[in-house]
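Colleague: The sequence shown begins at 1 in this note's numbering and counts up by one.
Hints may be right or wrong, so weigh each one.
Said to hold, decoys possible - With a straight-line cut-off of 25 Å between C-alpha atoms, the simulated SDA-like cross-links for lysine to any residue are:
#  : residue 1 : residue 2
1  : K261      : L227
2  : K134      : E169
3  : K264      : H188
4  : K287      : Q205
5  : K134      : G107
6  : K218      : R171
7  : K239      : A215
8  : K237      : T281
9  : K294      : P235
10 : K26       : P150
11 : K239      : Q288
12 : K4        : A151
13 : K4        : R74
14 : K67       : M52
15 : K16       : A72
Hints were generated in silico from the structure; no laboratory data involved.
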Amino acid sequence: MSVKLESVTKLYGNQKALDHVSVNVKSGEIVGLLGPNGAGKSTIMKIITGYMQPDDGFVEVNGLSVKDHSLAIRKQIGYLPENNPLYTDLYVAEYLEYVAGLYHLKGIKAKVNEMIHLTGLEREQHKKINALSKGYRQRIGIAQALIHDPAVLILDEPTSGLDPTQIVEIRQLIRTISVNKTVILSTHIMQEVEALCDRIIIINQGQIVAADSPANIKAFGNGETQLYVVEFLEPIKEKILLKIPGVLESHLASGNTFILKGGKDDLRPLIFKFAVVQKLTILTLSKQESSLEKEFMRITNSTNN
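Using the sequences plus the hints, can you model the full thing?
Modeller: Okay, structure coming up:
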């Protein structure tokens, strides 16, 4: 089931939370929304779910307007808000039965048991929610979002505040439940995006500043400039390394280790050739790959300037 936003604008007073945002999520995709705090990620999710209306533009889920078919679309969407509101004085199974009743599901007991098994809540199902850790509360939030078997799953910061073990568990759970579903999630954890998402949409100051696969976004950074770390056996002045064709900058890191900056072409063969001509011994030579985190910082910083 596809999700489409076309030139969506949302105002909070005089502040533009979203500024003519267009997004197209294909059926079966897992798409990650990245952006600094206040960039507009949660606003996009609330508009898709029909929780709030845009001031301009339109939103469609599977070809249906969210504005005109809000109730029908909500039946097809599972939503885990960032703050994960739960009735904490209820027992786990009791709460999920309540949510299933809101959707008028048949076979509620069986459906609740299915969700409890899927989300690993078997040992906790007879406990009150207020007695559970945040990790288990997130599982309950995901269970309530899934209980009506939605075609679209929207998860706002699903691993926020969890410890490393809980993050891995929730990540694996999302991977399991994403089969045959369209998933949109927001997160600040880059490893999560790389592990789960087919595509990334980076939002900054209410605008989309990048949209591509994690690999392509990293590759774009690598394509602009390349960094190399080279260690020589013999002492050498850093200025001499500027004689290597393609080297734009040379910086001494420590001892006889230097950081060289080049353009798009791979300079390692030329560095080796230079060493042979200069009768230098290379102890180590490596090209520094860009990371998703570095590219995120580069993209958002450049759009802030």
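Colleague: Check each numbered hint from earlier against the structure, then list the numbers of those it violates in ascending order.
Modeller: 3, 4, 5, 7, 9, 15
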